[in-house]
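Protein sequence lines, in the order shown, are assigned to chains A and B. Heads up: the first sequence begins at 1 in the working numbering, then just goes up one per residue. Heads up: the second sequence begins at 1001 in the working numbering, then just goes up one per residue.
Keep in mind that a hint or two might mislead.
[Claimed, not checked] Cross-link-like lysine-lysine pairs, in silico, DSSO-like; alpha carbons within 30 Å at most: (1) K1356/B <-> K310/A; (2) K39/A <-> K1356/B; (3) K1310/B <-> K222/A; (4) K127/A <-> K84/A; (5) K1160/B <-> K310/A; (6) K1335/B <-> K240/A; (7) K1356/B <-> K335/A; (8) K1039/B <-> K240/A; (9) K1310/B <-> K17/A; (10) K56/A <-> K1335/B; (11) K1240/B <-> K356/A.
[Unchecked claim] Label-pair distances were calculated between CB atoms; the ranges are: (12) P1295/B <-> P316/A: 54 to 64 Å; (13) L352/A <-> T1292/B: 46 to 56 Å; (14) D98/A <-> P1295/B: 49 to 59 Å; (15) I1300/B <-> T221/A: 52 to 62 Å.
Source of the hints: derived by calculation from the structure; they are not laboratory data. Quick reminder that beta carbons are idealized off the backbone N, C-alpha and C, glycines included.
2 protein chains.
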Amino acid sequence: MDPLKELEKYEEFLKIKPLYWDDEANEFVWLDTRLLPFKEVYRRTKDYRRVGVAIKDMEIRGAPAIGVSAAFGMALAALEVNTKDVAEYLDKLKEAKDYLASTRPTAFNLFWALDRVWNVIESNKDKGVEEIREAILREALTIYVEDIRNNIEMGRIGSKLIDDGDRILTHCNTGAVATAGFGTALGVIRYAWYEGKKIHVITTETRPVLQGARLNVWELTKEGIPFTLITDGMPGLVFKRGLADLAIVGADRIILTGHTANKIGTYMVALAAWDNEKPFYVAAPTSTIQATADPSSIVIEERNPDEVRKVMGQYPITLPDVNVYNPSFDVTPPKLITAIITEKGIAHPPYLKSLKRLLQQ
Amino acid sequence: MDPLKELEKYEEFLKIKPLYWDDEANEFVWLDTRLLPFKEVYRRTKDYRRVGVAIKDMEIRGAPAIGVSAAFGMALAALEVNTKDVAEYLDKLKEAKDYLASTRPTAFNLFWALDRVWNVIESNKDKGVEEIREAILREALTIYVEDIRNNIEMGRIGSKLIDDGDRILTHCNTGAVATAGFGTALGVIRYAWYEGKKIHVITTETRPVLQGARLNVWELTKEGIPFTLITDGMPGLVFKRGLADLAIVGADRIILTGHTANKIGTYMVALAAWDNEKPFYVAAPTSTIQATADPSSIVIEERNPDEVRKVMGQYPITLPDVNVYNPSFDVTPPKLITAIITEKGIAHPPYLKSLKRLLQQ
Chain A
1 MDPLKELEKY
11 EEFLKIKPLY
21 WDDEANEFVW
31 LDTRLLPFKE
41 VYRRTKDYRR
51 VGVAIKDMEI
61 RGAPAIGVSA
71 AFGMALAALE
81 VNTKDVAEYL
91 DKLKEAKDYL
101 ASTRPTAFNL
111 FWALDRVWNV
121 IESNKDKGVE
131 EIREAILREA
141 LTIYVEDIRN
151 NIEMGRIGSK
161 LIDDGDRILT
171 HCNTGAVATA
181 GFGTALGVIR
191 YAWYEGKKIH
201 VITTETRPVL
211 QGARLNVWEL
221 TKEGIPFTLI
231 TDGMPGLVFK
241 RGLADLAIVG
251 ADRIILTGHT
261 ANKIGTYMVA
271 LAAWDNEKPF
281 YVAAPTSTIQ
291 ATADPSSIVI
301 EERNPDEVRK
311 VMGQYPITLP
321 DVNVYNPSFD
331 VTPPKLITAI
341 ITEKGIAHPP
351 YLKSLKRLLQ
361 Q
Chain B
1001 MDPLKELEKY
1011 EEFLKIKPLY
1021 WDDEANEFVW
1031 LDTRLLPFKE
1041 VYRRTKDYRR
1051 VGVAIKDMEI
1061 RGAPAIGVSA
1071 AFGMALAALE
1081 VNTKDVAEYL
1091 DKLKEAKDYL
1101 ASTRPTAFNL
1111 FWALDRVWNV
1121 IESNKDKGVE
1131 EIREAILREA
1141 LTIYVEDIRN
1151 NIEMGRIGSK
1161 LIDDGDRILT
1171 HCNTGAVATA
1181 GFGTALGVIR
1191 YAWYEGKKIH
1201 VITTETRPVL
1211 QGARLNVWEL
1221 TKEGIPFTLI
1231 TDGMPGLVFK
1241 RGLADLAIVG
1251 ADRIILTGHT
1261 ANKIGTYMVA
1271 LAAWDNEKPF
1281 YVAAPTSTIQ
1291 ATADPSSIVI
1301 EERNPDEVRK
1311 VMGQYPITLP
1321 DVNVYNPSFD
1331 VTPPKLITAI
1341 ITEKGIAHPP
1351 YLKSLKRLLQ
1361 Q
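Chain A extracted, bound-state conformation:
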């Protein structure tokens, strides 16, 4: 099916459109999430390097959104390079791919999306430049629409784990603005809400970049879903006092053992749920799953120390130049994860078996 045709079917689920392809202008358009919740600013470009900057500087963030944007970056590169020589064309595209791959080292979806586009290039390289260009564009749109379809399906499947009245704790933003649309963990929450379940969301603020205080608050307010904002040190007490029934988070990378790399602090949220015997769910598309069983293969990205020294990129909270450690992710071990929700179904422990089975479907 034509991806843009399929997209029309999902309109009711897409109240928030964080990124899309402008088919008339041949431009990629995205919401600058750094300015939320105070300003809603869309940016557009024809330049794949600008997409790279948007990913690096976290105008676009969230593993699926990064993957989709990188694919559109390749589409922009495909349109930009002006040659009839296929070898030269491929060289330039390889340059664009390498550049885009260098922007966020932990985001597995980034490499996954770039590899998908590259496979299409490879399988069309006997054809002319025009055919390759068309194939790249179509693949980027396919990845985009697939992400939305997967998120809605993940929401439908994951919502079965949510009861009417549940108070759901989440960490970091995994909503519409972390994906091509709808969201992963927040997509599950959103689906439950659309089904009429009376839920209440408890979101951490998620330091240092405050995705909870800025993005979850913005999305939940837009949807009218009731919520409470807490700091990253509070989930322990929240679970201990019986104020949350479950936790659900997203993932930047899952490996076959179930080890899940996600926003820094996730591991501690999982410990808090676990010590109080509450379910801890991960929701992520199967594109997040890396076919390895070696946790040491997970690279933890360290970001600019000023993210910690300053808040909202501008307000100093400590002395300048103090020594800072700013890892962006941590790894939650499988023993703390009750289940992993994907668009293909729910994986339960032992994950080595269940995740492999899901990937083979």
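With chain A's structure known, arrange chain B on it following the hints.
Same frame as chain A, now just chain B:
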């Protein structure tokens, strides 16, 4: 011994003097910790109500500092009330005590210090106003000097648990500016440093009030102790990666079972240490220990939601008026606590036995 005479002995340990009694002006003087690390401003008053405001608004914070300040608040009340009638005098003092007790509900040292002053009043009530006044002043000074003495002794005892080269994780400020001087958990760290141990401190920023980013950074910089600042979601990864050897924190209240109320987030730090088989120590004077074995007796103070909505009391990080839960403390269960360091010695599990024994010494 005259408390002010004894104080001279501790001079070398008191590089930072967060609060003291001005014996000539009959005024209480304190460092406004809200302005740290950017400005060092001392404030002074003759009015006990102003001391209450300073405690409530967290110009003065940290359980021991609150207790000592409340005692000095009583001294100010004792000087202020102008009557020869003992019954009237006691009525006015009772008013001051009730007011000061209402400022911070979780700080056990607050009630402990006020009760100590009150006991002195009770045992002198057969005498004249002048004698009662003198006894109150002396008791406040005694409580002040005792806190410093206890902290130094706690440091000496606790430092035995710290090896040369240790990387020590701490949460919230428990240093000089949380006490009458020297500090509790940070006092142990300080003592180890004074002994020449090459340590490295990892401090959380401690949202929402940022005691780590503001106060620990200020104190550690002043002492020249090397440190690294992290956010509250990072201790899990720090322990998992073997970047910290132990955790040490303070306490606002400890009960006989070992349940420890301390700054929100402490429980999650304890879980992070525990899941990675690293020691988790609590350092607090025995005045923090409440003679009850009922964890439900611990009141958790909830503070102004704007502490979460804004950073540093002024910078908005989210939409105004969003729903916030802002508990100031959580309770760490004894199973996660390796040992409790006090000025009378170290208590090991089972705490019901060891803490009772310490209290009886």
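Practice task
Hints the structure violates: just list their numbers, smallest first.
Solution key: Of the numbered hints, 1, 2, 5, 7, 8, 10, 12 and 15 do not hold.
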